[in-house]
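Which chain is which? The protein sequence lines are Y and X, in order. Per this note's numbering, the first sequence runs over residues 171 to 513. Per this note's numbering, the second sequence runs over residues 1253 to 1607.
No wet-lab data here; the hints were simulated from the structure. Note that beta-carbon positions come from the ideal geometry of N, C-alpha and C, so glycine has one too. Don't take every hint at face value.
Which bits of chain X does chain Y cover? Going by a derived footprint, with three or more residues having C-beta under 8 Å, they are [stated by the list, open to error]: (1) 1518-1528; (2) 1596-1602.
The calculated lysine-lysine pairs, modelled on PhoX-like cross-linking and capped at a C-alpha distance of 25 Å, are [what the hints assert, rightly or not]: (3) Y:K309 <-> X:K1379; (4) X:K1513 <-> Y:K264; (5) Y:K311 <-> X:K1513; (6) X:K1379 <-> X:K1513.
Partial list, computed: chain X residues near chain Y (C-beta under 10 Å) [unchecked claim]: (7) A1318; (8) L1460; (9) R1505; (10) A1509.
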Amino acid sequence: MTDQPATPPTKDDPDEEPLLEIRGLRTYFFTRDGIVQAVDGVDLEVRRGEVLGLVGESGCGKSVTSMSVLRLISEPGRIVEGEVLFKGENLGEKSASEMREIRGDQISMIFQQPNASLNPVYSAGVQISEVFEIHEGLKRKLGVERAVEALRRVGISDPEQRAGAYPHELSGGMAQRVMIAMALASGPELLIADEPTTALDVTIQAQILELMSELQSELGMAIVLITHDLGVVAETADRVAVMYAGQIVEQATTIDLFAEPKHPYTVGLLGSIPVAGARRERLDVIPGQVPNLIEPDSGCRFASRCQARVDNELEICWTKLPDLIEVEPGHTVRCWLHQEVPE
Amino acid sequence: MGRFILRRLLTAIPVLLGILAVVFAIARLIPGDPCIAALGERATEEVCNAYNERYGLNRSIPAQFAIYIGDVLQGDLGTSFRFNKPVTDLMIERLPTTIELSVAALTIAVFVGVPLGVISAYRHNSKVDVATMVGANIGVSMPVFWLGLMLQYLFAVQLKDTFLSLPPSGRLDAGMLPEPFWEKWGLPENGVFEFISNLVIVNAILTLNWDAFWSAFTHLILPAVALATIPLAIIARMTRSSLLDVLGLDYVRTARAKGQKERMVVLRHGLRNAMLPVITVIGLSLGALMGGAILTETIFNLSGVGKTLFDAIESRDYTVVQGFTLIIAVAFVLVNMVVDIMYTYLDPRVRSADA
């Protein structure tokens, strides 16, 4: 099953074909109340060996984007448009069984609630073994032996013992390590980590992020790190894509984004982080709420909450959606402030 | 595990005592006199006094209860007033019929109900799902006696002399008297052997008597199907809703993200978790089948527990009422214990809570 050669990380070479390329992805949910446009035209690139942070508040479509990549959107959701290219191949054209061979083998995922993401009735070892059974055709006994190795690699002490443990016997951090061991069992080229540290204690968060960074440099896979926590992104990501209401609004290297955020939403997000030592009466908040994604207005999704629009007296924001354009090399923004307003 | 079973058995004792006390009291609170019921309206007071004296019915109820409990502890469930033979003999005669019927019905209910529920959940909102659930609703609301009569009419009357023909009632073909296995094997007669040989199908297998087996089997089909309908429908609906809940959970998403086949996702990750509430329902159904087969047994002319109990209540045959109720209670307790043991087997969370 693992027929790909071990490719060395090449994140510095921008000419190389990206590992994952998402073009114009639209995933809608056809609910009784209307069509929820959860992901509405997302373009994204992940290069080999890089860590891409995908940032945004709850419900902005980060998770739906990642589930769309693996084609794991279930009813009433559907990918209505766009393509997902993995190593140049369109995943939308793969058959169900070809897709299954990719899942868990070349593209793996870990999730927000590690304990709930593990099946309560099977031991950790058995659940990791399943990956070997599916993708390498191993028998259970051999699979569990390999699972012990996988557990050792993610820094679990006494892995033989832990392999027999059930999810309810594992702490959150331990369970997330098991999930990581499972995700990396087959040596994937891309790991999608959907809020991997959100449900964990702060000290455990740091450990898990540390572990992910270590394994990333050791194994050379690319990571899409989905989070709403800009601190996590700052620590781990090479590049950041900011999502708002189903669209990417800004994309840049982590350094550029933090130094020079362009989109008013990104500016707002950065302003809302409490800074240790800096005494402020109150945190800056972005006023208003995320817009309803059922038939949103034709203008910029952020218009109703945007202070910059008011300050610059931009009327076009209400009526026309700006394109995502490159304002500086490697820095793209979807905002009328940064592109010419058509007459 | 041994300690767990022992503890469950010990906690069952007060339950059984409580049930006995209640049944004992209720049997005596129903208007009507066992003497009149047994000997007729014209029985004189003297005759009745003698009758009551003989069966100890002239004592106070608490005294009767104390004596009864003492006897039960020694394995003596008393003597039937009506049949004038020990209640245990009646049980040896009649309990096997009910056991065979309930087990057959439950087997049908589980092996048809669970797959139907799984298909329904898997093809959720499809035509198959809608058809199954409409069928299940009809099944739940269908009166058993009507279904039983219709089955008899169809298979024993309309399809008579075709290969689908099935016998309408009874346990065996008329005149068939299969040799009990203990007799064939030259074993001495005792209660346990007799009990086992009254499980007609088991006895036929033990004695390799295939004519008797076929006869017993065909006689069992219609009543078992009639009896199975309601639990089958309940199990199918329960499996469907439980599995649908489970299939929406995070670990099912994990299984899919691993690249697991959808069939394995449903069966290995979904069903094992979804079976927990279903097993409870199955256990409760078996208990209900043991006691609730009165209509089925009456229509199909099988003298099992339900029919015996019904007749005993009518004729104020107190000891039989008590004894058979006790058996049903014991069945409930045992079945629930088996359910709990299966829980510990299926769910490691329960296992460690009990350790």
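Against the structure, the hints:
| no. | hint | result |
| --- | --- | --- |
| 1 | 1518-1528 | holds (count 3) |
| 2 | 1596-1602 | holds (count 4) |
| 3 | Y:K309 <-> X:K1379 | 38 Å, violated |
| 4 | X:K1513 <-> Y:K264 | 15 Å, holds |
| 5 | Y:K311 <-> X:K1513 | 20 Å, holds |
| 6 | X:K1379 <-> X:K1513 | 23 Å, holds |
| 7 | A1318 | 48 Å, violated |
| 8 | L1460 | 40 Å, violated |
| 9 | R1505 | 7 Å, holds |
| 10 | A1509 | 4 Å, holds |
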